[in-house]
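We have chain L already, so just place chain W on it with the hints.
Top line first, the protein sequences correspond to chains L and W. Start counting the first sequence at 19; every next residue gets the next number (the numbering used here). Start counting the second sequence at 19; every next residue gets the next number (the numbering used here).
Treat the hints loosely; a few may be bogus.
No copy labels: a pair is met if it fits in one copy or bridges any two.
As the list claims (entries may be wrong) - Only pairs whose alpha carbons sit at most 27 Å apart, straight line, appear in this in silico DSS-like list of lysine-lysine:
no.	residue 1	residue 2
1	Lys61	Lys110
2	Lys196	Lys61
3	Lys110	Lys95
4	Lys95	Lys196
Hints were generated in silico from the structure; no laboratory data involved. Just so you know, these numbers come straight off a predicted model, no measurement behind them.
Protein chains: 2
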Amino acid sequence: MAINVIGLDADDTLWESEAYFVDVQGRFRELLAAYDSGDDVQKHLFAVERRNLEFFGYGVKSFTLSMIETAIQLTGKQVSGDDVATIVGWGKEMMRHPVRLLDGVAEAVAALATEFRVLIITKGDLLHQEAKIAQSGLGELVEGVDVLTEKDASTYELLLRRRDIQPTTFLMAGNSVKSDVLPVLGLGSHGVHIPHGVTWEFENDHDGDPDVHGYHVVDSLADVAAVARSIV
Amino acid sequence: MAINVIGLDADDTLWESEAYFVDVQGRFRELLAAYDSGDDVQKHLFAVERRNLEFFGYGVKSFTLSMIETAIQLTGKQVSGDDVATIVGWGKEMMRHPVRLLDGVAEAVAALATEFRVLIITKGDLLHQEAKIAQSGLGELVEGVDVLTEKDASTYELLLRRRDIQPTTFLMAGNSVKSDVLPVLGLGSHGVHIPHGVTWEFENDHDGDPDVHGYHVVDSLADVAAVARSIV
Chain L
19 MAINVIGLDA
29 DDTLWESEAY
39 FVDVQGRFRE
49 LLAAYDSGDD
59 VQKHLFAVER
69 RNLEFFGYGV
79 KSFTLSMIET
89 AIQLTGKQVS
99 GDDVATIVGW
109 GKEMMRHPVR
119 LLDGVAEAVA
129 ALATEFRVLI
139 ITKGDLLHQE
149 AKIAQSGLGE
159 LVEGVDVLTE
169 KDASTYELLL
179 RRRDIQPTTF
189 LMAGNSVKSD
199 VLPVLGLGSH
209 GVHIPHGVTW
219 EFENDHDGDP
229 DVHGYHVVDS
239 LADVAAVARS
249 IV
Chain W
19 MAINVIGLDA
29 DDTLWESEAY
39 FVDVQGRFRE
49 LLAAYDSGDD
59 VQKHLFAVER
69 RNLEFFGYGV
79 KSFTLSMIET
89 AIQLTGKQVS
99 GDDVATIVGW
109 GKEMMRHPVR
119 LLDGVAEAVA
129 ALATEFRVLI
139 ITKGDLLHQE
149 AKIAQSGLGE
159 LVEGVDVLTE
169 KDASTYELLL
179 RRRDIQPTTF
189 LMAGNSVKSD
199 VLPVLGLGSH
209 GVHIPHGVTW
219 EFENDHDGDP
229 DVHGYHVVDS
239 LADVAAVARS
249 IV
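For reference, chain L alone in the conformation it holds in the complex:
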């Protein structure tokens, strides 16, 4: 069936996001280096982040709390108040980072919106996502914005039902095979992977394969319209 509605992921599909996390992770490793913390900081932080997902969910506040917890653990509780304050400051800075649209995104979203119903479908912190959408100027180009707490088959199914969208007419595009592509395929919808240079380790934990699972891979958002048109 022809595609009628296109869902677009936001972080690292429309604008840079992970790059800001990577930058702060670098500063975090430097901060902990002074404590001779030994352990692999990055690996430990990722394990804490993963464990904390079920308590704190996705986003900057959750990440900030995970850095604080990691700092306490890797320094044998010796981390200074000063350094904890620095980490909290990074959290505030990240909540306010400028929204840098990826190349060609504004034009591609505008073009898609002339031909399809377009939704921005993202997960994470409601406040931060709304602020970024407002700053991006993309909100006015699309039909709607949905911020989910998780992107899995059941949350996509609920969204499609609530918006009265027939799954076979829906195509989702984003940089995460795990969150943007695989969950919709089982619903009978279509998925397009747009790889991004920097992608969070968590999103790379999947067994997706375009040939096996039957999804599309394109270089940029500008290529999504052609894929959508090719589905009949």
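Below, chain W without anything else, positioned relative to chain L:
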């Protein structure tokens, strides 16, 4: 015009919320007492919370980060890693506190839903609010749930427009005059204040007066239907 849609606040209107914050604040004061922190802990924490709203928004994660910041400031950065870990642990505990419905709420919501379109309209952390709604069992009784980042005239206006609700047919009920009542009055909608024993200091910062501003005050959610029916 007759009321058609009723919006219900969630925290401290449908279930206990502030009581969990008050409990943790008590433990926080005890924790800081060991540092001879001198200052009025409660007052300082509230000031930090207020300042952090624009960075971190409402909810438990924001509150947890504000406690950490307050602890650093009031101890001259001497707060121990152990105590910071305790504070992070409180945050996790709060994200998981049991949902205790206020007296008569399940029955009142079910009764309202037989007569009106009912929406739960809350603000704060998306993950936490969704988890509480799921645990409450109230989600199935109502037409929809909206989690907002802020409850002011513009966010209510947007919500009513998005849901195609005529403002004069809308009534909002909740424990906060500031967030649940005053913002909707200017739109031509109706407001009902249901005072709750424990209400966050932030929500009490308003100049609302039922006689001056023209809103209703009732003892419990069970009284909202009668108020709604009285509006013609």
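Tested hints:
1. Lys61 - Lys110: Both. Shortest intra-copy (23 Å) and inter-copy (22 Å) distances satisfy the 27 Å Cα cut-off.
2. Lys196 - Lys61: This pair counts as within: shortest intra-copy Cα distance 20 Å, inter-copy 45 Å.
3. Lys110 - Lys95: both (23 Å within a copy, 19 Å between copies)
4. Lys95 - Lys196: Close neither inside one copy (35 Å) nor across copies (41 Å); limit 27 Å.
The structure fails to meet hint 4 from the earlier list, while all remaining hints are met.
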